[in-house]
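Asks: Following our numbering, the numbering of the sequence shown begins with 344 at its first residue and continues without gaps.
Careful, some of the hints might be misleading.
Said to hold, decoys possible - The list that follows gives simulated cross-link-like pairs (lysine-lysine, DSS-like), each with its CA atoms no further than 25 Å apart:
{"no.": "1", "residue 1": "K358", "residue 2": "K386"}
{"no.": "2", "residue 1": "K358", "residue 2": "K942"}
{"no.": "3", "residue 1": "K386", "residue 2": "K425"}
{"no.": "4", "residue 1": "K605", "residue 2": "K667"}
{"no.": "5", "residue 1": "K596", "residue 2": "K667"}
{"no.": "6", "residue 1": "K667", "residue 2": "K642"}
{"no.": "7", "residue 1": "K890", "residue 2": "K819"}
{"no.": "8", "residue 1": "K596", "residue 2": "K580"}
{"no.": "9", "residue 1": "K863", "residue 2": "K819"}
{"no.": "10", "residue 1": "K484", "residue 2": "K494"}
{"no.": "11", "residue 1": "K605", "residue 2": "K733"}
{"no.": "12", "residue 1": "K796", "residue 2": "K942"}
{"no.": "13", "residue 1": "K484", "residue 2": "K437"}
{"no.": "14", "residue 1": "K580", "residue 2": "K642"}
{"no.": "15", "residue 1": "K863", "residue 2": "K796"}
{"no.": "16", "residue 1": "K386", "residue 2": "K437"}
{"no.": "17", "residue 1": "K386", "residue 2": "K426"}
{"no.": "18", "residue 1": "K437", "residue 2": "K425"}
{"no.": "19", "residue 1": "K667", "residue 2": "K643"}
{"no.": "20", "residue 1": "K580", "residue 2": "K643"}
{"no.": "21", "residue 1": "K437", "residue 2": "K426"}
As the list claims (entries may be wrong) - Derived CB-CB ranges, DEER-like:
{"no.": "22", "residue 1": "L887", "residue 2": "R702", "range": "38 to 46 Å"}
{"no.": "23", "residue 1": "F794", "residue 2": "L606", "range": "50 to 58 Å"}
{"no.": "24", "residue 1": "I827", "residue 2": "T593", "range": "51 to 59 Å"}
{"no.": "25", "residue 1": "D742", "residue 2": "L887", "range": "54 to 62 Å"}
Quick caveat, the hints were computed from the structure, so don't treat them as lab data. Since the structure is predicted, the reported quantities are computational estimates derived from the model, not experimental observations. By construction, the Cβ of each residue, glycine as well, lies at the ideal position given by its N, Cα and C atoms.
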Amino acid sequence: MIDVGDSLLAYDVAKVGLERFSEDRTLSQKAASALINGGSPLKATQILEELVAVGDRDVEAHSLLASAYKDLWQYASDPESKKRYAELAIARYKEGFSTTSFDAFKQSRLKDVGTEYYPCINVAFMYLLSGDAEQARSYSKRALDICQNLKQNSLGDYWSQATTGEAYLIEGNLDASLAAYAEAVAMTDAEPAKIATTRTQAIQIASAYEDPMVLEQISGVFPQTGIVACSGHVIDKSDGAVRFPPEAETLAKSEIEGTLDKLDCSCGFSSAACGTDILFIEAMLARGCEVHVFLPFNKKDFIETSVRRAGGNWVQRFERALDKAHYVHYVTEEEYLGDDTLFELCNDVLIGFAAMRARTLDEEPKLLVLWNGDGGSTGGTGQLVTRWSKRFGPPVIIDSAQMLASALIESSPIRKSGETKPAFLVPTSRTPEAGPVRLVKTMLFADVQGFSKLPDSDSPVYVEQFLGGLSELLEKQSRRPAFINTWGDAIFCVFDEVEDGLALALDLRDFVSQTNWSEKGLPFDFDIRIALHAGPAYAAHDPLLRKTNFFGTHVNRAARIEPIALPGCVYVSETVAGLLSFGRDDFDFEYVGNIELAKGFGSFPIYLLQRPGYIDY
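Use the sequences and the hints to build the structure in full.
Replies: So, in structure tokens, the structure goes:
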């Protein structure tokens, strides 16, 4: 799972194992490795420091811990943090590569050497990027000697071969480096996540040479996994505009398959409406690719709104697509109720997940659309193209208007083509009835730790110092919450925009953590738990508060995340993590795990919210 880039699932599996075998060193290392590969190095350091503290002194433990510190060094934005993490990484890598290990190598005790080249080459990397080229070359030479000896004794693997390429690159031997890297990526154990890690480090080294030709050649030697999101027109209704008539299915299928051949992608993200979506899913599955399907609401209503309308066997193909997909994600499992904004939310979450996966593999995701160029409606392809272009640049477009014109479909007799029968021969599908108004909102819940233990005499101080401070925070926000309420130590806020909720959550966390509460007359360990979730919520007049309040399953989910948050932390749902992955660079996150929520609400993936650069810690 780690090797193909599904690091978060790998962590969850290891975590379940650790619940039964809490002292299993290998499981702990696997959990930490998954977190590092999944972009959560801070949590990985906590696991690994505990391992080292109880006596785990092997190369793997030190190397993983050093790797986590190296990632933190790369993410850090302030010079002090960068220096601290660099020193920690170098120290841990050096502990993994000892003089004794090198002596064992010189005496040909290869079984004692194992993977000592790994910490050795990473010490070289850290020295190079810290400006000490002499030390970098010294350690790269040691790593190269080990790897060449392993290869001569038929003990080499992907990592030792990739290390050979990196050692040559640090020494400045570009031709030898390119040859070694090319051999590494062609090996049978060259998995996507391994290649992504190697590529990231190689590009950083190549960038240090300040020669664009070196960077171009190094970048070109590594294949990429290919992350692609897809959207496009659904099969036309008989009484609507001509964009994708059912007779065009075979041609559209051919265009999609041909485009995927050119893109060479192996991991896809899409919804599952009749037309473009299902054709894309079928093409990806036929290629043996990993497919993630996203539905904006429950399956029953989705079939009626977006699948059955095309007739033929599209419903059966939809069911088959979901059965064979690797993952099916529901933005909400509730009903449609005529709420088209759920399609927009689904698109945003879908492309956010694609961006998250691409980030794990250090790639740029692609967007493939079958589209006629029109703006379209809420949640449609046109809206998605506009948003994508602002973030990642132009998508890959299959021009449906040009496709139809080239096939002369509009001027030709009706032809039944592919598996679809003409839509106008199909009885109108049942459109789910509209219901009460729901609005996509971001919900924040916060709770003061240990509030119930405060003496009654502290209540006025709490109101003045804490709630008064919160009021001042709200005045500084660019937009006030759409709704706010407090009861006891609990705070409930609702926001129109996810960015506003994220900003207040971090500001509130910082306000609590950076205030000397003893001076304010409150306990020194005064702390707070904060949670955020986004989804459709019912807006209704609250007869008790005598103003609009918000209700529903997604409000409840936000409330159930808060009790499991660690004090001083902001936990967010998978939906929020997906949304902030796409075009919201003022925020970052780490994966916490698939966590059981409070009051038996179920298990859900949870993330830790933070600012970029790890300046929070």
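Asks: State for each hint whether it applies.
Replies: Hint check:
{"no.": "1", "hint": "K358 to K386", "in the structure": "holds, 13 Å"}
{"no.": "2", "hint": "K358 to K942", "in the structure": "holds, 21 Å"}
{"no.": "3", "hint": "K386 to K425", "in the structure": "holds, 18 Å"}
{"no.": "4", "hint": "K605 to K667", "in the structure": "holds, 24 Å"}
{"no.": "5", "hint": "K596 to K667", "in the structure": "holds, 19 Å"}
{"no.": "6", "hint": "K667 to K642", "in the structure": "holds, 15 Å"}
{"no.": "7", "hint": "K890 to K819", "in the structure": "holds, 24 Å"}
{"no.": "8", "hint": "K596 to K580", "in the structure": "holds, 19 Å"}
{"no.": "9", "hint": "K863 to K819", "in the structure": "holds, 21 Å"}
{"no.": "10", "hint": "K484 to K494", "in the structure": "holds, 15 Å"}
{"no.": "11", "hint": "K605 to K733", "in the structure": "holds, 24 Å"}
{"no.": "12", "hint": "K796 to K942", "in the structure": "holds, 22 Å"}
{"no.": "13", "hint": "K484 to K437", "in the structure": "holds, 15 Å"}
{"no.": "14", "hint": "K580 to K642", "in the structure": "holds, 20 Å"}
{"no.": "15", "hint": "K863 to K796", "in the structure": "holds, 17 Å"}
{"no.": "16", "hint": "K386 to K437", "in the structure": "holds, 22 Å"}
{"no.": "17", "hint": "K386 to K426", "in the structure": "holds, 20 Å"}
{"no.": "18", "hint": "K437 to K425", "in the structure": "holds, 18 Å"}
{"no.": "19", "hint": "K667 to K643", "in the structure": "holds, 18 Å"}
{"no.": "20", "hint": "K580 to K643", "in the structure": "holds, 20 Å"}
{"no.": "21", "hint": "K437 to K426", "in the structure": "holds, 17 Å"}
{"no.": "22", "hint": "L887 to R702: 38 to 46 Å", "in the structure": "holds, 44 Å"}
{"no.": "23", "hint": "F794 to L606: 50 to 58 Å", "in the structure": "holds, 54 Å"}
{"no.": "24", "hint": "I827 to T593: 51 to 59 Å", "in the structure": "holds, 55 Å"}
{"no.": "25", "hint": "D742 to L887: 54 to 62 Å", "in the structure": "holds, 56 Å"}
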